[in-house]
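Number of protein chains: 2
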Amino acid sequence: MAGTNRSDENLSGGPAIILVEPQLAENIGMVARAMANFGLGDLRLVNPRDGWPNEGARAAASRADHVIDAARLFDSVEAAAADLSYLLATTARPRYSIKAVRGPDSAAAELRARIAADRPAGILFGRERFGLSNEEVDLADEIVTFPVNPAFASLNIAQAVLLMSYEWMRSGLGEHAAPRFQAPEIAQAPKDDLYRFFEHLEGSLDETGYFFPLEKRDTMVHNLRTMLTRAGFSEPELRTLRGVLRSFERHARIARENEA
Amino acid sequence: MAGTNRSDENLSGGPAIILVEPQLAENIGMVARAMANFGLGDLRLVNPRDGWPNEGARAAASRADHVIDAARLFDSVEAAAADLSYLLATTARPRYSIKAVRGPDSAAAELRARIAADRPAGILFGRERFGLSNEEVDLADEIVTFPVNPAFASLNIAQAVLLMSYEWMRSGLGEHAAPRFQAPEIAQAPKDDLYRFFEHLEGSLDETGYFFPLEKRDTMVHNLRTMLTRAGFSEPELRTLRGVLRSFERHARIARENEA
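Here the protein sequences come in this chain order: G and F.
Just so we're aligned, residue 1 is where the first sequence starts under UniProt numbering, counting upward by one.
Just so we're aligned, residue 1 is where the second sequence starts under UniProt numbering, counting upward by one.
Please keep in mind that the hints were generated in silico from the structure rather than gathered at the bench.
Among the clues, some could well be false.
[To be verified] Quick list of the computed label-pair ranges, beta carbon to beta carbon:
(1) 242(F) with 206(G): 13 to 21 angstroms
(2) 130(G) with 258(F): 19 to 27 angstroms
(3) 150(F) with 56(G): 25 to 33 angstroms
(4) 129(G) with 53(F): 39 to 47 angstroms
(5) 52(F) with 50(G): 32 to 40 angstroms
(6) 150(F) with 117(G): 22 to 30 angstroms
(7) 13(G) with 219(F): 32 to 40 angstroms
These numbers were taken from a predicted model, which means no experiment stands behind them.
All C-beta atoms in this analysis are idealised placements derived from N, C-alpha and C, irrespective of residue type, glycine included.
Construct the complete structure from the given sequences, taking the supplied hints into account.
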């Protein structure tokens, strides 16, 4: 349907849309268009298969050039989410992970409450073929899934982004008085801090020989990350936890040095 | 995103989706897919540019074959809507027509009420290039329009059908739609387990010399207990965390024993 496109009047703000290893340039373009339709502008790409910038994406964006031009490229989900304090993962199927699961409307309301409180937030969308890995879902605070027909549940990523963008716009409309959500009391740390804590912890545990047998390391890391993500630690809390880790490390090092 | 496609379990009922002179077979296919995603099955085509049936549409439908196979061809909007008692027209712009204008959620609620009362209903979607003519809008009872960014209002017909189909599904789920799957409820461990974990942790940290200066020990313990209570750990999770502690302790002990 026809409409106007005046880039100087595009809305801004809203969650970051993070596409993980998108394969088709056309999908990236359609995502940009869907974002523009509903006033979103922060597109982040993790290792798009065909590189970036990509003129095919621009062509499919139907003049959502401001979104394409502002898109940023990252080499990992961790890097793409580093400055965000709240991260949702979209999934089509139940996961074994113990995380809260929201519908798109509840997810949009939560995003709006957090962003209104100046806490940057984003949404992960997986690959066309197989979505997000379990490790990628682990990096998110909560899961969002769509109320689709269970017999035909496959949603294209551009469609999934469209629905979330629509719900974002909808959640800001006065007449659909969404219940007032309290801004979270705890200012969650940027994801970068959380991920660096995970790496610190896992590195320390490699030292101690905790991950035994080694083939269970991935599962053990998954369990630790899941339970420690759920706490929603703040920056000072993560500093405290890293202090705890350093204390254990120093203790073992002193014992070793005395030995030497 | 991946999902299941079992055509024998597709939902039925819901409004007729009427595409008026669609130009691109790919759009018809994507419309069929969007309908299948949200349980709609009655697709009606008014003079598609490239004729019907169309294998390009089937290819773009991503296995929504049951919708493509059941699609019906008409030579006028009047004929396509003949058996319906309530007809909505989608438009992107204000019209001169004095008709009630609904948002997608209100439109879906109205459709559901009428269809539940056995009054067949449908939605008109216009051409890719210029939507519906004023005469076609006149044939409808009411207008539905989407809450898009005014600076970037152009919605593809497949996107418009997706949003209306989504709202149709959503309108059947009740006010606070439950997502299709829920995280297993985390059974928080009895407090006794949590407190014994705290004592274990604090005892270990006494060993490492973490609590320094000692007069700050109470505050430091308070901070640790506060953040670790908030996660609501389950019994298995507390066992994991105690395993982590024991791993650090064993590591330091081995270092000491080597020294001895």
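We went through each hint and held it up to the structure:
1. Between residue 242(F) and residue 206(G) the CB atoms are about 19 angstroms apart, so this pair conforms to the stated range of 13 to 21 angstroms.
2. For the hinted restraint 19 to 27 angstroms between residue 130(G) and residue 258(F), the CB-CB distance of approximately 47 angstroms leaves it violated.
3. Taken as a hint, the range 25 to 33 angstroms holds for the pair residue 150(F) and residue 56(G), whose Cβ atoms sit roughly 28 angstroms apart.
4. For the pair residue 129(G) and residue 53(F), the supplied restraint of 39 to 47 angstroms is violated, since their beta-carbon distance comes to about 28 angstroms.
5. Judged by the Cβ atoms, the range 32 to 40 angstroms given for residue 52(F) and residue 50(G) holds: they are separated by roughly 34 angstroms.
6. Distance hint for residue 150(F) and residue 117(G): a CB-CB separation of about 26 angstroms, consistent with the stated range 22 to 30 angstroms.
7. In this structure the hint that residue 13(G) and residue 219(F) lie 32 to 40 angstroms apart at CB holds, the actual value being about 38 angstroms.
Hint compliance for this structure: hints 2, 4 are not met, and every other hint is.
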